[in-house]
Amino acid sequence: MREPLKNDLLCTPREHQLSRRRWLSGTAGMGLAAMLRPAIAAELEKKQKQVLFIWLDGGMSQFESWDPKPGTQFGGPFRAIPTSVPGIHLSELLPRTATQMHHLAIVRSLHTQYEDHSSGVGHIQRGDPKNRGVVYPLLGSAIGRLMGAGNCGLPAYVSVKPGNGGFLSGDAGFLGPQFGAVALGDGKPPENLPRPATLSEFDDRQRNELRERINRRYAARRRPEVSQANEHVFEMAAQLKRRLDLFDPSALPPGDVERYGTHDLGRHTLVARRMLEAGVRFVKVTSYGWDTHGDNFNGHLSLVPKFDQAFSAVVDDLAQRGMLEHVLVIAMSEFGRTPRINGHIGRDHWPQAWSLVMAGCGIKPGIAVGNTNDQGTFVESDEYDIGHMFHTWFEALGVDATTTEYDNQGQPLPIAHEGCHAVKELLA
Amino acid sequence: MSDAKELLNRYQPKLTKTVNLDRQMGSLRYSRCGKFLAAGGFDGTVRRFDAASDELSPLPPLTGHGGWVTALAFHADGRRLFSVDTWGHLRVWSFADAEAQPLWTLERAHAGWIRGLAISPDGAAVATCGTDQHIRLWSADDGSKRQELAAGEDTYCLAFHPDGSLVSGDLRGIIKQWDAAAGKVVREFDARAMYLYDRIQDVGGVRTLAFDRTGTTLVAGGSVPKSGGFVQGSPLIYWFDWVSGTVRHTLKFGADADGYVYDLHEHADGFWMAVTSGQPGNGKLLFHSPGMEQPFFVATNMANCHALAPHPDGDRLAIAATNGGNNGNGRRLNDNREYPGNFTPIHLWSLAPG
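Protein chains in written order, with the working numbering: chain V, 9 to 436; chain W, 234 to 587.
Worth flagging that the hints you see were computed from the coordinates, not collected in a lab. Don't take each hint at face value.
What the hints assert, rightly or not - Computed Cβ-Cβ distance ranges for the label pairs, DEER-style:
| # | chain 1 | residue 1 | chain 2 | residue 2 | range |
| --- | --- | --- | --- | --- | --- |
| 1 | W | ARG256 | V | GLU433 | 35 to 45 Å |
| 2 | V | LYS432 | W | LYS485 | 55 to 65 Å |
| 3 | W | VAL418 | V | SER126 | 42 to 52 Å |
| 4 | W | GLY299 | V | SER92 | 16 to 26 Å |
| 5 | W | ARG243 | V | GLN121 | 54 to 64 Å |
| 6 | W | PRO545 | V | SER92 | 45 to 55 Å |
| 7 | V | GLU433 | W | GLY267 | 55 to 65 Å |
| 8 | W | GLY561 | V | ARG251 | 46 to 56 Å |
To be verified - Far from chain W by the CB rule (all over 12 Å, computed), these chain V residues:
| # | residue |
| --- | --- |
| 9 | LEU201 |
| 10 | PRO202 |
| 11 | LEU252 |
| 12 | HIS301 |
| 13 | SER310 |
| 14 | ALA327 |
| 15 | ASP356 |
| 16 | ASN381 |
| 17 | PRO422 |
What the hints assert, rightly or not - Quick look at which bits of chain V chain W covers, simulated, 3 or more residues with Cβ under 8 Å:
| # | segment |
| --- | --- |
| 18 | 253-259 |
| 19 | 288-298 |
C-beta atoms are modelled at their ideal positions from N, C-alpha and C, and glycine is treated no differently.
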């Protein structure tokens, strides 16, 4: 009767703190950059499309959000509410998002392959391509590589997350670490990034010159990709140093903080909006703590309204600013949660039938694609895997996933699972 | 107060029978006459059973609620059963009728989830509370609203002192005594150890409140939460001195996997009976006398106990628990290739005096 907890079910993400020391310690050993074919890369670089990717780590319940089944065996205690789109209902925990439904597209027919976090998080964010013996990039790194940083003078891939910041080189997989994420721990710039007050501008310049001389000597004995990665990290540091105004709360319009919420998810989503306004290509917001194996309904009663507040605010703001035309918004987890309600009044992991939401940038607004059965247990319509979503997102962003390939040191690799395709219903 | 060995010898608690239902139930109460047992379901029904014997023969369920039926209370008049649900409904039933219909219904007693329900000692009023952060007092006769109290917080449970004073317990571990007529808080009792803010999740809350029969002690049950998500924490019970408001006795027991105290009642002999539910498979029935360091009886042979109903004769208990093997990731189909839900076994215990 008693089932011990398994450590691999506990969500304890470990990422490294970014500090001036780490920035300046060099990036020796950085891997080899996979190259996109140059003509395609140049074309995509011109496009100003952007992505906001909200990651609800642990698994949001589809019943308590996008696919409510009130009054059924597994429906839980909550009701469904109408939205701004007649016929589409959401959980009553999403009243503000319901008013933005005319901007949104829900997919209610996801059927994915992984039912634990350790495999689910990585596979889902990498698009679960066929196994070719390489580690694919997470979506942010892929977009950074495929579309470039644009001309905003900021890193292509910025991750806003609770806890520590850092340079998340592992996100880039085989692309090489220069396509990793700059992580803003708690939405703040990396600690110690500005020149210390005790260091004069002259001394700082001299120190940098020394570093550059050493780097040149180091680079002369290594492949060019290694030194390019090294230079890239320093450039990202320099870029952030030039735009510390983006982290200044006094520059925000009055009321924004309250509108998004003073909790982590609200504050971080607001930082994300500022990054998008500044032109960052891909901004990821991570919220931890959605793995509600226990007390799921009180947990979602606390969590979902915070998501609702932040998500509806950013969708509304992007729409008001005309930015939804070119910003693709995605909110999702690694899987949904079981229909079955366990003895701890929790829901466990359920990749068999779950939901995500998206908006903007080539996505058809105001629709719900796919459906589950009356009980919400399984998908009744065509099932979509994460590969289908990657194809759809790439197409919405103007990247043809059927013809575009990575060139991994001569190894051609498809950018999305070749057994999947874009979901045409979702595309405007 | 008797010692542990003497109490055990006197009562010799034994699990006598288990009746499996087809759905999960979150609340359980015996009628004052002891002839009926009612269970509030996750399917929006109130299940009734003939409790004259341990067979628990089912009677036609009471239907019409929405969401989950979260709390039940039998009126002292022996005729009426009050029930509330997560969709804001308050219903009153003439429960002994074969095809019982509601005597009256409030479709919007609250804006959403009603968590707590209590009937005043004089039987004139019924109090409800919920996620809309309000406490409301209704005429028990016709459902007319008598008073509305702005609790300012998600309120989980209510109890009336024998003198008619109303107390509430909320998510943040604050227990409030109300002057209902003035709509004001008279004083607060500190149970904040029952609350945790983890990442962006509010966890815990005062889950159950009760007074002893003399009205000298207020008892609060919950957990010491350690995390959101899985929601781990050790069960916790406070015994407050009603006059001074100070904690007279504390019982924190079990492991972090043991979770919450969901229901507790005083036995006529002065000890307290409580049930717990935590990580799937973990559930306890415990008997505790506040003078002792540890419970003098703990049963661990039931999974995830959510409600405890003492029979009025003092010799029996009913416990709403959960079936074993009630959790797991991913697709689990039964022998018929169907996706199974969980269900509640009602465990009947005897407290046969030795």
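Hint by hint, here is what the structure shows:
1. W:ARG256 - V:GLU433: 35 to 45 Å: Holds, at about 36 Å.
2. V:LYS432 - W:LYS485: 55 to 65 Å: The hinted range 55 to 65 Å holds for V:LYS432 and W:LYS485, with Cβ atoms some 58 Å apart.
3. W:VAL418 - V:SER126: 42 to 52 Å: 48 Å Cβ-Cβ, so the 42 to 52 Å window holds.
4. W:GLY299 - V:SER92: 16 to 26 Å: Hint holds: Cβ distance 24 Å, inside 16 to 26 Å.
5. W:ARG243 - V:GLN121: 54 to 64 Å: Cβ of W:ARG243 to Cβ of V:GLN121: about 58 Å, so the range 54 to 64 Å holds.
6. W:PRO545 - V:SER92: 45 to 55 Å: Distance hint for W:PRO545, V:SER92 holds at roughly 53 Å.
7. V:GLU433 - W:GLY267: 55 to 65 Å: Roughly 60 Å apart at Cβ, these two residues keep to the hinted range, so it holds.
8. W:GLY561 - V:ARG251: 46 to 56 Å: holds, 48 Å
9. LEU201: holds, 26 Å
10. PRO202: Answer for V:PRO202: holds, closest chain W Cβ roughly 29 Å.
11. LEU252: Consistent with the label, V:LEU252 stays out of reach of chain W, its closest Cβ about 26 Å off (over 12 Å).
12. HIS301: violated, 5 Å
13. SER310: violated, 4 Å
14. ALA327: At roughly 25 Å from the nearest Cβ of chain W, V:ALA327 sits farther out than 12 Å, so the non-interface label holds.
15. ASP356: V:ASP356 not clear of chain W: closest Cβ-Cβ about 5 Å, inside 12 Å.
16. ASN381: violated, 10 Å
17. PRO422: Non-interface label on V:PRO422 holds, nearest chain W Cβ at 28 Å vs cutoff 12 Å.
18. 253-259: n = 0 at 8 Å, threshold three: violated.
19. 288-298: holds (count 4)
When held up to the earlier numbered hints, the structure conflicts with 12, 13, 15, 16, 18 and fits the remainder.
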